[in-house]
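Engineer: So the chains spell out like this:
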Amino acid sequence: MTEYEFLRLLWWAVLGVLLIGIAVMDGFDMGTAILLPVVGHTDMQRRVVINTVGPVWEGNQVWLILGGGAIFAAWPPLYAVAFSGFYLAMLLLLLSLILRPVGFKYRSKLEGTRWRTTWDTALFLGGLVPALVFGVAFGNTLQGVPFRFDDTLRMTYTGTLFELFNPFALLCGLVSVAMLTMHGATWLACKTEGVVRRRAQHAGIIAALVLAVLFILGGVWAARLDGYVLQSFAGVDAPSNPLTKHVVRQAGALMNNYAAEPWTKAAPAIGIAGALLTALLVSLRRLRGLAFVASGLSIAGVIATAGVSLFPFLLPSSLDPDSSLTVWDASSSATTLLVMTVATAIFLPIVLAYTAWVYRVLRGPVTAADIEADPHMTY
Amino acid sequence: MVTNMDVVQLSRLQFGLTAMYHFLFVPLTLGLSVLLAIMESIYVTTGRTIWRDMTRFWGTLFGINFALGVATGLTMEFEFGTNWAYYAHYVGDIFGAPLAIEGLMAFFLEATFIGLFFFGWKRLTRVQHLATTVLMALGTNLSALWILIANGWMQYPVGARFNIATMRMEVTDFYAVLFNPVAQAKFVHTVSAGYVTGSMFVLSVSAFYLLRGRYRGLAIRSMTIAASFGLASALSVVVLGDESGYMAGLNQKMKIAAIEAMWQTEPAPASFTVIGIPNIDTHETDDAIRVPWVLGLIATRSLHGQVEGIDNLVSQAELQIKSGMIAYGAMQTLRAHPDDATARAAFNAHVDDLGYALLLKRYTPNVTDAGEDQIANAALDTIPPVMPLFFTFRIMVALGFYFIALFGTMFVLASRRNLERHRWLLHVCLWSLPLPWIAAELGWVVAEVGRQPWTIDGVLPTFLSVSSVPAWNVWISIAGFVLFYSVLAVVEVYLMVRTIRQGPGMTPRPAGPAIAAVAAE
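Protein sequences, first through last, are from chains A and B. Residues 1387 to 1765 in the working numbering are what the first sequence spells out, letter by letter. Residues 84 to 604 in the working numbering are what the second sequence spells out, letter by letter.
Hints in this document: simulated from the structure, not taken from any laboratory. Heads up, the beta-carbon is just placed ideally off N, CA and C, and yes, glycines get one too. Any given hint might turn out to be false.
Pairs of lysine to aspartate or glutamate residues, derived as DMTMM-like cross-links and limited to a Cα-Cα distance of at most 25 Å, are as follows [stated by the list, open to error]:
| hint | chain 1 | residue 1 | chain 2 | residue 2 |
| --- | --- | --- | --- | --- |
| 1 | B | Lys-205 | A | Asp-1612 |
| 2 | A | Lys-1631 | B | Glu-503 |
| 3 | B | Lys-444 | A | Glu-1579 |
| 4 | A | Lys-1631 | B | Asp-422 |
| 5 | B | Lys-205 | A | Glu-1579 |
| 6 | B | Lys-444 | A | Asp-1537 |
| 7 | A | Lys-1495 | B | Asp-422 |
| 8 | A | Lys-1651 | A | Asp-1612 |
Which chain A residues face chain B? A few, computed with CB under 7 Å, are given here [claimed, not checked]:
| hint | residue |
| --- | --- |
| 9 | Leu-1452 |
| 10 | Ala-1459 |
| 11 | Pro-1462 |
| 12 | Lys-1631 |
| 13 | Ser-1719 |
| 14 | Ala-1720 |
Just chain A, with the same shape it has in the complex (with noise of 0.2 Å):
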């Protein structure tokens, strides 16, 4: 293996590991967005889930931007062709990212009733719409996007933004929001108390259910799409570009990889199971910090699936089959790669050590009485 096809599968894993970042991390803030009307039924109710996220919801978002910032300096022509295409779905996904934000630190700053419901559903969109978006652009992904490079490797894109919303995508996107409603129940588990929990509870057995039946259900209906497949390519190490291979489109390709590498069926199996598990553990008196830990592992379990069933895809044309973006040619140049690594490999320990240090000072529940004692520095 040279050092560049390394780099390539390296940053393709941490591609993987930032996805599942995200989705845990910022993931749970988005869920718990999406089940406070369900579980906070008043205001002190509704307080009490926004501040258990309140501290922490900050930090979590900058998986989403380091997310972001790594894809484009790791996968620039990804950044560029995702972004642009999808032009429309992402103004949404901004847009409903920024009520985020603003929800969180304003609601509580006034007492109306009127501004508090006016941010509690900006903050319910806030989490509803990114947990939607992002799994229709997975759904999205798996089937193909309509786009196509010139000589200049100028990208030009042909769909629609109607288009995104295909019946698979759409099922993608229901995967996604179950997925995302769960791990927000799971946290709600851990960091509410009394009648709040219960809800929290309940929804999260619901919708762990509903991940399970969703996700085998998108599994077989994958099977029968058309996928993609490598027949020619300039080499595993060879300069970064997508106009140097040839590629065809196949009936059920999705499933090569498995077929290929049975191990990698521990992906899928991984999905199933942890959202089993988290239907299970959630309700139990002792074992709720372990829920979260379930539900966390079949979100990586569902992530690891789209990108084995890819792989070495990363973002296929169905326009123009050769213009698909690989592993192996859509990276940057090894230097940055390795400037990367470095980089990652000193500050990603370090962010990992004081966020844990940071969830450990802020442990325990969150209570109505935690709020009335410090009403300005609380949401």
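Based on these hints, arrange chain B on the given structure of chain A.
Structural biologist: Positioned in the frame of chain A, the structure of chain B alone reads:
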């Protein structure tokens, strides 16, 4: 390939609007974070609770501001992909890394500890909480470092080379990108501008309290801190602005010439035009007041260095375009016949001017068939808009000197414990509130309009950098941002004003006749 000029103009408009909006929040975050760390350090060392109350009060305002800073920063990151996709492809290999490292090294630090800053008062010891505040401020400032390394590279693209195989720029020397002198100068200049903004905010709000006779203890202490920190920062902003000018003199000659509206090269050392009216038609500056030698000294730091005029630089650009055409032609040959040694030699000799050839794409997609007048037009395109640069730069500099004067005055009064002596001065402090924002925004106008017609100076023209999206998509996003951002601005200002009017929510200490007067009402 010819890009749609509507999309270019709309994308520039949107990026300009969202960037300027984002930078309404960033400087205050930069400045207040450091002021919070200073105030809390005093609390921890002296144990006086008023300093803790001050940290919490200014912290509340910091939080309201921070939320929008984060939210609008996300937009900036997205736009490099959504609206500037060809840019993302062409320079992502270099430009992406500082952005990703910014997330890893700075954003995580700042965002993880800001939550603890608000929620950790009861869970942490005093020293632990101070450490939280300091780490938050550190993260904030480090993020400015990385984004300015990225921006500095746009102004002065070192350590990178064009690769024919991948049709993009690639890193050759990451160390050079990291320690880019332009980036270093811009970092200190920008961060100092943020400190000035934070100081002015604290100074103005404190002046408001003193004028109303409220929270005198908090206001006087806050003002003292703001005046001294503000004076140091204002001095640094001007001195480091000079450093930026020197760096631009070395690397962005056209930007300096346009800021000065200096059409012809003057004998060294060049004079500095304090004010005047640039005349685009005659290439003269009417009614100009000039100070001899000053520009030559700033830009070259010598009595002999030439500061080149615009007309001269346009002739040079013409030569570079012709050289770039050779590189472009050789590139086409090499793509068909990668082993052609003559083409390889020609390409290597002229590749540094390849970007200049790309300017011709507006006039002829094939580049190599450009005629003399097309080359002349492309060379004229290298002049950034002279008028806006000339005036915005002068207003910014004037404001910089005003800040030194105001903070200096308040610093002298504070050291004599006489801040309330002149009520009119308190009014001046209050009404000076918007000025640092104006200066900071104008600073970005100078930096980024002055970089035109390039996104990457001399490497990639702006009109080639955009995405191939339909213009109506960009119209929709502009409308969405304007609507969304306007609502958020109203909410933000309303909450800020309300929080300021409510005050720190602690019992004012009876001190001074003003308090007694309010109490009697």
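Engineer: Hints first: check each against the structure and report whether it holds.
Structural biologist: Hints and how they fare:
1. Lys-205(B) to Asp-1612(A): With a Cα-Cα distance of about 57 Å, the restraint between Lys-205(B) and Asp-1612(A) is violated, given a limit of 25 Å.
2. Lys-1631(A) to Glu-503(B): violated, 75 Å
3. Lys-444(B) to Glu-1579(A): At roughly 65 Å apart (the allowed maximum being 25 Å), Glu-1579(A) and Lys-444(B) break the hint.
4. Lys-1631(A) to Asp-422(B): holds, 20 Å
5. Lys-205(B) to Glu-1579(A): This hinted pair holds, its Cα atoms lying about 21 Å apart.
6. Lys-444(B) to Asp-1537(A): At roughly 15 Å apart (the allowed maximum being 25 Å), Asp-1537(A) and Lys-444(B) satisfy the hint.
7. Lys-1495(A) to Asp-422(B): Not OK: Lys-1495(A) and Asp-422(B) at ~68 Å, beyond 25 Å, violated.
8. Lys-1651(A) to Asp-1612(A): holds, 20 Å
9. Leu-1452: Check passed: Cβ of Leu-1452(A) comes within 4 Å of chain B, closer than 7 Å.
10. Ala-1459: holds, 3 Å
11. Pro-1462: The hint holds - Pro-1462(A) has a Cβ within 7 Å of chain B, the shortest such distance being about 3 Å.
12. Lys-1631: Since chain B brings no Cβ nearer than about 14 Å to Lys-1631(A), farther than 7 Å, the hint is violated.
13. Ser-1719: holds, 4 Å
14. Ala-1720: Nearest chain B Cβ about 9 Å off; hint violated.
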